[in-house]
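Chains as they are written, first to last, in the numbering used here: chain A, 1 to 429; chain B, 1001 to 1169.
Honestly, the hints are just simulated from the structure, not real lab data. Please read these numbers as outputs of a predicted model, since none were measured by experiment. Mixed in with the good hints, there may be bad ones.
[As the list claims (entries may be wrong)] Stretch-level coverage of chain B by chain A, calculated; a stretch enters the list once three of its residues show a Cβ under 8 Å from a Cβ in chain A:
no., segment
1, 1010–1022
2, 1030–1038
3, 1048–1054
4, 1084–1093
5, 1152–1165
For each residue, glycine too, the CB sits at the ideal point set by N, CA and C.
Residues per chain, in single letters:
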Amino acid sequence: MKETLLLLRNRGKIEPGNAADYIAEGGYEALKKALFINSKDIIQELKAAGLRGRGGAGFPTYRKLEFASDAPGHVKYIVCNADEGEPGTNKDRILLSSDPCSILEGMAIAGKAVNAHVGFIYLRAEYSYLLPILENAIKSSVKANCLGRDIMGSGFDFEIKLRSGAGAYVCGEETALFESIEGKRGEPRYRPPFPGIKGLFNKPTVLNNVETLANIPPIFLHGSEWYRSIGTENSPGTKLFTVCGNVNRRGVYEFPMGVNLKELIYEVCGGIEDGRELLAVQTGGASGAIINASQIDMTLDIDAVSASGGRLGCGTILVIDDRNCILDIVRNNLDFFRDESCGKCTPCREGGTRLYQLVGRIAEGRGSIRDLETIEDLAETIRLTSLCGLGHSTAVPVASSIRNFKSCFWEHIDKDYCPVCCEEGGYTE
Amino acid sequence: MRLENSYSYKTASSKLVQVAEIASRYMGRPEMLMKVIIQAQQVVPAFSEEVAAVIAREMEIPQTQVYSFITFYAMLSVKPRGKYIIRMCKSAPCHVKGARDIVRTLEKMLHIRMGETTEDNRFTLEYCPCLGICEISPAVMINNRTYGNLTTESVRTIIKQYIREDIEE
């Protein structure tokens, strides 16, 4: 199966921090087009293309731009969410390190669409080694007059500033990210007001994921009709998939939306490593559903995965082989959410910890049949009442694993021996 | 009491002067706290009460705000830390590739548990969430460098370098 290289077209071909290289490959041509059409038409083109956010939620990109464009005020911001924290996800790192100018170009076009003149890239601390590449990309783009003042003689100004995180998954949530850029703890805000009205520094703001922004230049270069010819009806375009875990060829791959999960694992990635059997697949990172081996013949687009009770999310595919135990994986996921909860709202802060304890108890063979009910009840409560996406996600791996691996839960409750979970009682801290 | 012990310790005055210089560039600009903290982290590995006080004074913001900020983010610490911070990925993609064995090797080799610092203040062992380099899991990050495809043998070789030499950033 051959990859469709749209976003990764320049991977390994150009010097990433050098705008001249990017321009030689047709870079900033899309911006040149966008600069000389009016804002409404830019948004209309993105609507026609059907571009949806690639960070996880799949929200239509044009609507975010529309909100900010219609909001009153002269100062507006574009923010690039490069706080790629979802466990198992590397796609933004690959984009940022191989073709950063395409992201800058996407930001500038978004800036033109809502009449914003300042953009921020919020880069996670774990990727701080990418800062020099991004700095060079910005500098060389300004030098080539593709960013900065009076871009290409259009009279439009747009500058991009870099901001760093310091290790907080919750800062990938848009309002928490704003707080962090403002020099505060990264705690999510109550909504409304929504970011399109009051976002960063209380100004109308458009926040997009790295991959979403990288989709914008190709749309303007080749047109929305061409873009719609790739992918599926409701999820046009390509998607970057990070395949990780117990699979032979791990890495970031680009395929049209709607690629088959089974083919991705077995044909593209060479199947399960060490000749083992597939136990489970978790799509969408720690906040995605865990499905069993009989369920993997599925279409990967935003709506199809949602319909099956999971989420495509950021396109992460964690392959888990039969040396593992589902209870141990769920416990690992919950440990993550428990650590990363910011503590602002009670359901996520207390509920996450309690879920971790309950699942841990079952894993260690100390669980009771009533714990399962409590877990399902608690997971649902957290999902319904948490303030932000972190809390909403906590329930997903728990509920899906109970659904898809009921017998595994029974075995642990029956206190059958589990070499993975019980050997040493799991993680000791 | 515990808070005092881990927050109130001496920081060399020469370091405080350097931190003050960094913070003074952003006086009256509280939104630049992250930038100040990240630059200051090149000078001091952890933020004692004295360091926090200097930052607060120079930026003209409350010291509690500095403390609250530092304690929120995983990569910042008020507790003293070693010269090399070894961050072991705790997330599932590393977990399913044998991260537990790597943790055991690290703990045995350095004679400390996760979360602790060696007596010579050279190493701190910490868990961290996904490092985003899952194609080479299991992985660790030592200060700003990443190492992947770890085995119990390869991680020993890597740590040995850090025991013997000073590795440049």
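Ascending list of hint numbers which this structure does not respect: 1, 3, 5
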